[in-house]
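S.K.: Once you know that position 82 of the sequence shown is 83 in this note's numbering, the rest is easy, because the numbers rise by one and skip nothing.
Just so you know, these hints were derived from the structure itself, not from any lab.
Note that this is a predicted model, so its numbers are computed, not measured.
We treat Cβ as the ideally placed atom computed from N, Cα and C, and that holds for glycine.
Warning: the hint list may mix true and false statements.
Across the chosen pairs, the derived CB separations fall in these ranges [unchecked claim]:
no., residue 1, residue 2, range
1, Ala68, Gly17, 31 to 41 Å
2, Asp19, Ala68, 34 to 44 Å
3, Leu24, Asn91, 19 to 29 Å
4, Ala46, Asn90, 13 to 23 Å
5, Ala37, Ala68, 30 to 40 Å
6, Ser18, Ala68, 38 to 48 Å
7, Asp54, Ser29, 16 to 26 Å
8, Lys4, Ala46, 27 to 37 Å
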Amino acid sequence: MGKLEIEHPGLRALGGSDEESNLWLSCSLCNRYKGAQVEATDPLARDPLPLYDPRTNNWHEHFSWSADGAKIVGLTPVGRASVAALKLNN
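Kindly produce the complete structure, drawing on both the sequences and the hints.
M.R.: Written as structure tokens, this is what we have:
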């Protein structure tokens with residue numbers, strides 16, 4: 002297991018703060034894949050959408066595990082866009 006990093010879901014470059022309400026633990030790969038992204042494209046609908054925000058969105062609404070438990074499956078457009086953009090099944 003890798004070390005966790007502090008992530009800012011509301012990017013500091015876009016006015017996000019260092020307040021606790023804008024901090025989240027993230028694996029280093031996810032944090033690097035996210036970079037400066039605040040939205041991503043749903044691979045099915047091709048619509049740009051905000052990335053999943055762990056501080057305001059419910060994980061179980063947007064994601065589930067595959068039947069074999071090996072992959073994260075996006076259940077909603079936001080979930081699918083986030084799985085693709087953050088390479089959650091890398």
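S.K.: If a hint holds in the structure, say so; if it doesn't, say that too.
M.R.: Here is what the structure says about each hint:
| no. | hint | verdict |
| --- | --- | --- |
| 1 | Ala68 with Gly17: 31 to 41 Å | holds, 37 Å |
| 2 | Asp19 with Ala68: 34 to 44 Å | holds, 40 Å |
| 3 | Leu24 with Asn91: 19 to 29 Å | holds, 24 Å |
| 4 | Ala46 with Asn90: 13 to 23 Å | holds, 19 Å |
| 5 | Ala37 with Ala68: 30 to 40 Å | holds, 34 Å |
| 6 | Ser18 with Ala68: 38 to 48 Å | holds, 41 Å |
| 7 | Asp54 with Ser29: 16 to 26 Å | holds, 19 Å |
| 8 | Lys4 with Ala46: 27 to 37 Å | holds, 35 Å |
When the structure is compared with the earlier hints, no violation turns up for any of them.
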